[in-house]
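There are 4 protein chains.
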Amino acid sequence: MSFPKWFHELAREVSNKGRWGPDDELGTMNLITPEATLRGVRCAKTGRSFSLALPLHHDGPQTGRIPNRINPIHTMIGINTPFMGDPEKTCLSDDIIVMGTQSATHWDGLAHASYAGHIYNGFPATTVVAEAGATRCGIEKVKTIVTRGLLLDVAATKGVRRLDAAYPIVPEDLDAAAARAGVSVEPGDILLVRTGQQEHLFAGDRDAYRLPAPGLSYSSVRWLREKDVAAVATDNFTFEVWPAEDAAVVLPVHLLHLVDMGMMQGQHWFLDDLAEDCARDGVYEFLLHASPEPIVGGTGSPVNPVATK
Amino acid sequence: MSFPKWFHELAREVSNKGRWGPDDELGTMNLITPEATLRGVRCAKTGRSFSLALPLHHDGPQTGRIPNRINPIHTMIGINTPFMGDPEKTCLSDDIIVMGTQSATHWDGLAHASYAGHIYNGFPATTVVAEAGATRCGIEKVKTIVTRGLLLDVAATKGVRRLDAAYPIVPEDLDAAAARAGVSVEPGDILLVRTGQQEHLFAGDRDAYRLPAPGLSYSSVRWLREKDVAAVATDNFTFEVWPAEDAAVVLPVHLLHLVDMGMMQGQHWFLDDLAEDCARDGVYEFLLHASPEPIVGGTGSPVNPVATK
Amino acid sequence: MSFPKWFHELAREVSNKGRWGPDDELGTMNLITPEATLRGVRCAKTGRSFSLALPLHHDGPQTGRIPNRINPIHTMIGINTPFMGDPEKTCLSDDIIVMGTQSATHWDGLAHASYAGHIYNGFPATTVVAEAGATRCGIEKVKTIVTRGLLLDVAATKGVRRLDAAYPIVPEDLDAAAARAGVSVEPGDILLVRTGQQEHLFAGDRDAYRLPAPGLSYSSVRWLREKDVAAVATDNFTFEVWPAEDAAVVLPVHLLHLVDMGMMQGQHWFLDDLAEDCARDGVYEFLLHASPEPIVGGTGSPVNPVATK
Amino acid sequence: MSFPKWFHELAREVSNKGRWGPDDELGTMNLITPEATLRGVRCAKTGRSFSLALPLHHDGPQTGRIPNRINPIHTMIGINTPFMGDPEKTCLSDDIIVMGTQSATHWDGLAHASYAGHIYNGFPATTVVAEAGATRCGIEKVKTIVTRGLLLDVAATKGVRRLDAAYPIVPEDLDAAAARAGVSVEPGDILLVRTGQQEHLFAGDRDAYRLPAPGLSYSSVRWLREKDVAAVATDNFTFEVWPAEDAAVVLPVHLLHLVDMGMMQGQHWFLDDLAEDCARDGVYEFLLHASPEPIVGGTGSPVNPVATK
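In order, the protein sequences belong to chains Y, R, W and X. Residue 7 is where the first sequence starts when you use the numbering used here, and the numbers rise one by one after that. Residue 7 is where the second sequence starts when you use the numbering used here, and the numbers rise one by one after that. Residue 7 is where the third sequence starts when you use the numbering used here, and the numbers rise one by one after that. Residue 7 is where the fourth sequence starts when you use the numbering used here, and the numbers rise one by one after that.
Be aware that one or more of the hints could be misleading.
You can't tell identical chains apart in this list, so a pair holds if it fits in one copy or across any two.
[Claimed, not checked] For lysine to aspartate or glutamate, the following DMTMM-like pairs were computed, each having C-alpha atoms within a straight-line distance of at most 25 Å: (1) LYS164 with ASP279; (2) LYS95 with ASP29; (3) LYS95 with ASP252; (4) LYS95 with GLU282; (5) LYS51 with GLU192; (6) LYS95 with GLU137; (7) LYS51 with GLU41; (8) LYS149 with GLU137; (9) LYS95 with GLU251; (10) LYS95 with GLU15; (11) LYS51 with GLU137.
Hints listed in this document are in silico derivations from the structure and should not be mistaken for laboratory results.
With the rest of the complex left out, here is chain Y (with noise of 0.2 Å):
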């Protein structure tokens, strides 16, 4: 076994291997059934939405440190650009974008990662290729996502604005945090884990919001199985506690929910606005919009998740 024996029993113990069937490309995606989605339609009382998203912009979380992982590029193929010739009548202006999948506030699809030669639901992991990327589990695969979302904010719960660098959150975390927000999590579920680490970014520091970063420890893990949420996404770059509780396994974390429970992670998502708004009505649930870019074949999407309460 090429990790140690704690990490392959937990996955075993977390898998969803097979589940929801041998073809399964969904994974935890299956538990937003519609009841679930009415459960998060009934959040929506008062009809405030609030956007989750980081702009996309140059000047985005992306430090360079990822190989040709880029903050967006937006550049005019078009300015005013006079459609009849004469730029007193008809002009139209028109753009493109270049960017990572990953490189501000995504989901991390199915494929994203890998290891012992397979991906989610035992699909190896040849099963990515560059001419069409993710042939399975691609994050096309997940058409929609429309469900009940609960805000953790474990920084408020500590009562600290950010939490520690190299802070692992733990399942008595995210208890005090449930119980701080009067919520109790349903299957289907899915949870935003507020760490505060994106005052580094606001202040202009890249690198300190990278890492080190508070996090997921990997023993939250069974108790996101227990849960069977959906998803889970929080506000920092490398989503689990980095560096790793234990040197013999990076990214811990994401190879359980990614490949184990074939459970979608968000990252970079701005949760400060609606971590106020929760604040002061006392409401920390509501429902998430949070539906990827159909990029065919992608293993991961930007995203524009919105809260309405």
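Keeping the supplied structure of chain Y fixed, place chains R, W and X upon it in accordance with the hints.
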């Protein structure tokens, strides 16, 4: 006056310039009040959701006729890259995407069109620049779009699979479709007008899909303005009827909607599955989520619109 | 053996595997010795130069049939941006380009083709990876290309403006063109074989330009190997004759040149102006500069080849 | 007048406006006559060639400080794709590149800079547009660059490995370097001025490499104009000295060269290997090939300059 008299009179009549103040960059999106959002929320009764987006793929609807506006290019910058050096351990796949903001299912932002030197609300067309794109009315200003959506299936109402090429959709057609749907349009609603034109696209004939095309007639603009809809989306390439009804004004509906009314337009929306479901249960209203990606300075944005019934 | 016997026998016969050592990544570029370069230099007698490149433009030769290989997209990231804030003072314009390395006039690098699991010199095909591209035989390894060039105008030799579609250029054609040119091919020379196929391109018919196409016959490979030329370039899309002479081996010349001989190929070269000049003065030899761009890991590179007579 | 008097007087003095006619878009490239080319050809005596280009790589010199000007991104769109379906048979690898035209070793085209509303030869700055780029003086107009090159190693002449940050190279420095090189500058030559600044780049310190930087002083412009050189290239980021000697004129040398003289500039040229060789054999003149890529409308172009001695 650069255009025929009828155009300038109509432009004056439907104009929303100054309606939401001299600095407004949202236009009719202002009509999506919390009440409008809740009206949409109340339409979500079964929890079934439909994605209204075409896949983002290099084989998309663009034909190359619009210089530099390309179909999406998706390439891998990493394929199962061994993060720890050992292919048995943590491996990651990552990708980038290069695309026109309007290459597939998208929103036209308010800065997409101009005439007589201005975009919406009297902002100079020169506010669109190469470096920063649309410095006024950039698509990122539209944070969230959550409201009631109504499907007006004009093709089905006329008893055809696909409207004739160059068929202009007039107010009577919209009234008939609304009557058939048993809905009454209210302020802040978003209308999805179905032409059936995508039959060409799915048959592999992108040129026929592009034009000539059935679409909104300039005569429908007053109707839309009176109803105070928040936006309109169609299942074709040109949005409005092509060729234009009056050769002296190319794309008049684009100009009236974007520049004078400040109303965003949706193009290339995939409405077939939704239309089939509406025909089955007779329900043509739903909760619509169609928040754009926050492309700073964008004149448009790809979107994965989701209808929840 | 995966291919017919004739192919494997020919491959063995023309192979340069190991000829320049087990670590060689340059192949026949090794034949461009200082002496070969000086032979080219001596051909520059009048100081007149000719560019052999097609323009890099969105309206280039690519038709979209090769997934994701696009014509160049050139967009401005700045237009007269006031560097000091004042438009009267220092203003700068800047741009980016997105292109397939093989979208227009280019070199095929040695890593562009493989068969039976290997590229040139026995390097495993797996040395081409997503992150770093061609880790062996990347185009950047070819620092400079300065040698004698010879124009073999096969079309003119046969007295036609353009060779018939699917016409296979055989050794006799090359001998006849060389005789007409009054040149004798020497080791390290680069041959420019003209088919006249670009007549289609300049007529706006990119599909006809692409294929079927006149080009090198597999039977010319032995001839080229015996002459020990450094490289060969043509004025067509497919380089070799299309369709292949033996349907059992598609692109045999690509495989024999790139994989077995380790010989780079030039495609889409613009030879008309040069050919006209050579016909005028009867001089078909010249100093040729055709150094690729140092794209690290590139399987090819755009090039602006220059012939100086 | 927008700039200080000294600038406008110098601009008038060195101006080549109208010198080659009102429609000229080549500027000092006109000085590369066949005779100038042959003077360069005669310098090629040993047949040894040197590439003067930095590798095109995502780890290039760009630091992200210039919005949207990125280091090259090279990604594979195909890796050993079985062209016949069988991986044992014909397989092809293909790639694309996304880059700033000025991200690494490049030429500044004449449309790169403007002031007082004009680029070179009095063409309005408005001739640079979003759709087509530089419609006047686009880099594609410069078909070929083949002439004599002279290395002026200012750093070595001053007995240092690297000139001090912000050291302004004045005429006396150029005279001293030419005297040391034993060369006399003639019309149509291209000068390669070495500062040694790339020591920072190769040490991995891109910020220090960028600025402050030693470079040409505005006082060198008159000298260059009198010598009637065709172009000048340097081994630094900013080309000219940074910060500017007179804060009232940022990048004066760029303006005087590009706008008034119509003289292209080379930046990020790799001169170390060449300099070492010149120091060894005492020969500082050579045949220089530095033809740009024909990017239609380009304000610049990547280039792989080659010096042949």
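Enumerated hints in conflict with the structure, sorted upward: 4, 11
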